[in-house]
Amino acid sequence: MAEIVMAYSASHAPMMTADPGSAPREQADSFFGALEKVRDRARELDVQAIVMMTGEHFTNFFLDGLPQIAIGLDDAHLGPPEVWLQVPKKMVPSDPGLAAHITASLIEQDVQPALSYGMKIDHGFMTVYYWLDNSMDLPMVPIVLNCTTPPLMTIRQFHEFGRKLGNAIRSYEGLERVALVAGGGLSHFVGEPRVGDIDEEFDHWFLDILAKGDLTDIIDIPNDELMEAGNGTGEIRAWVALAGAMNDAPGEVLSYVPVYEWINGMGVVLYKGDREATAAAV
Amino acid sequence: MTLYMVQRCLFDHLRRLEAAGDGPKPDIVVEGYDLTPEEEKALLEPDIGAIYAMGTHPVIVNGFCRALGYKRADYRPLLENAGVVPERKKTRWQK
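Protein chains in written order, with our numbering: chain A, 1 to 282; chain B, 1001 to 1095.
Quick caveat, the hints were computed from the structure, so don't treat them as lab data.
Computed from a predicted model, the values in this text were never measured in an experiment.
Glycine is no exception: its CB is placed at the ideal position from the N, C-alpha and C atoms.
Each hint should be verified, as a subset may be incorrect.
Stretch by stretch, here's where chain A covers chain B in the computed footprint (C-beta under 8 Å, at least three residues) [what the hints assert, rightly or not]: (1) 1014-1026; (2) 1032-1042; (3) 1047-1058; (4) 1073-1086.
What follows is a list of derived Cβ distance ranges for each label pair [stated by the list, open to error]: (5) E108/A with P1077/B: 48 to 58 Å; (6) P96/A with D1012/B: 28 to 38 Å; (7) R1088/B with D217/A: 14 to 24 Å; (8) M1/A with Y1070/B: 46 to 56 Å; (9) R1088/B with R177/A: 43 to 53 Å; (10) P1077/B with T278/A: 34 to 44 Å; (11) Q86/A with P1026/B: 47 to 57 Å; (12) E1038/B with R170/A: 27 to 37 Å; (13) A114/A with D1012/B: 15 to 25 Å; (14) P1037/B with R177/A: 43 to 53 Å; (15) K212/A with D1027/B: 18 to 28 Å; (16) P1026/B with K212/A: 26 to 36 Å; (17) L63/A with P1026/B: 38 to 48 Å.
Below, computed lysine to aspartate or glutamate pairings styled on DMTMM-like, alpha-carbon distance capped at 20 Å [unchecked claim]: (18) K1071/B with D1022/B; (19) K1089/B with D75/A; (20) K1089/B with D217/A.
Bound-form chain A, shown alone (with noise of 0.2 Å):
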């Protein structure tokens, strides 16, 4: 069976491989020396494939037809579309049974996400994902998620979505180590006027939250009330169903900080592997 060996949340703002320099460098520092620590974790732990959630920006999908879920069941993925992400083209490889894998448990959970063909890995993923690997050889199963167009999935239904996706990957055969990712927020506001704000007190407020492991006063927060520290801090959607898929497992803050030349709070949270976890438990 496969384990999660190891799992973080990350923000994914498009300038952090765009125009990196164009942060302070402080900031630029910490960011980036978190997720220089994640990256050595997973080549310590000989990670074979990732699973990777962040929303949905009318990449792949319209309001002609948008799905909460979907997951991207190809043997590789074309990323990024974005020509000015200084982020090489390529077709990213998959692990086609894992794709298809979760798809079927998730469904026997009562859980149906779209199926897709031909997906595409935006900013969303490639961001985060080529600090990860820059050669593009980690097989990466993409799941996108409606963060941004209402009505939307509460957070308590993503939290559980979050858990049984963590219970898929666990039943697993064909792979032993898997890392599960979460890319997107925290707070941003994008294409209104508030845009370039960041609502550091809510930033921080969630980071304390995930670092407690104890979800209670966000679980039920209404969209509208999320909405309140930017319209694109609904992705936060993904890194509540990683802290599912975790058990709730208190998780490490390894960085945060309000890039304002990013116009988003940059942060990023590690959790313990399974084996990990048990162990310090015990």
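Using the hints provided, position chain B relative to the given structure of chain A.
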């Protein structure tokens, strides 16, 4: 005619820009969409404030602004002057 058509036009334009890659950028195409003269004008100028004020999804507004070459929040003044100011509400994380 409908907000959907405005958004469809912008979405299709953004996909054409992606397909063009590093080559010449195609102009936005408004023919074939059921648009009012005001909507067509806003798309062709382009008038970012008007496009936002119509109710266009902010992710599409953001993508269009990026395609026009705006970086960071440089287009914020265009939106602030659009006359649609979201109401701020008290939240549970505010001290």
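Hints versus structure:
Residues of the stretch 1014-1026 of chain B with a Cβ under 8 Å from some Cβ of chain A number 4, which satisfies the need for three, so the listed coverage holds. Closer than 8 Å: that is the beta-carbon criterion, and the stretch 1032-1042 of chain B has 0 residues meeting it against chain A, so the requirement of 3 is violated. Check on the stretch 1047-1058 of chain B: 4 of its residues sit with their Cβ under 8 Å from a Cβ of chain A, so the three-residue criterion for coverage holds. Only residues whose C-beta sits within less than 8 Å of a C-beta in chain A count toward coverage, and the stretch 1073-1086 of chain B has 9 of them, enough to reach three; the restraint holds.
The hint said 48 to 58 Å for the Cβ distance between E108/A and P1077/B, and at roughly 52 Å that hint holds. Checking the proposed 28 to 38 Å range against P96/A and D1012/B shows it holds: the Cβ atoms sit about 30 Å from each other. Separation of R1088/B from D217/A is about 21 Å and conforms to the stated range, judged on CB atoms against 14 to 24 Å. Distance hint for M1/A and Y1070/B: a CB-CB separation of about 48 Å, consistent with the stated range 46 to 56 Å.
In this structure the hint that R1088/B and R177/A lie 43 to 53 Å apart at CB holds, the actual value being about 46 Å. In this structure the hint that P1077/B and T278/A lie 34 to 44 Å apart at CB is violated, the actual value being about 53 Å. With their beta carbons about 22 Å apart, Q86/A and P1026/B fall outside the hinted range of 47 to 57 Å. Judged by the Cβ atoms, the range 27 to 37 Å given for E1038/B and R170/A is violated: they are separated by roughly 55 Å.
In this structure the supplied range 15 to 25 Å holds for A114/A paired with D1012/B, their Cβ-Cβ distance being about 21 Å. Checking the proposed 43 to 53 Å range against P1037/B and R177/A shows it is violated: the Cβ atoms sit about 59 Å from each other. For K212/A and D1027/B, the hinted distance range of 18 to 28 Å is not satisfied, since their beta carbons lie about 52 Å from each other. Distance hint check: the CB atoms of P1026/B and K212/A are about 50 Å apart, inconsistent with the given range 26 to 36 Å.
A C-beta distance of roughly 22 Å is found between L63/A and P1026/B, which places it outside the suggested range of 38 to 48 Å. For the proposed pair K1071/B and D1022/B, the alpha carbon gap of about 18 Å is at most 20 Å, so the pair holds. About 46 Å separates the Cα atoms of K1089/B and D75/A, which puts this hinted pair outside 20 Å; it is violated. Between K1089/B and D217/A the CA atoms are separated by roughly 18 Å; this keeps the pair inside 20 Å, and the hint holds.
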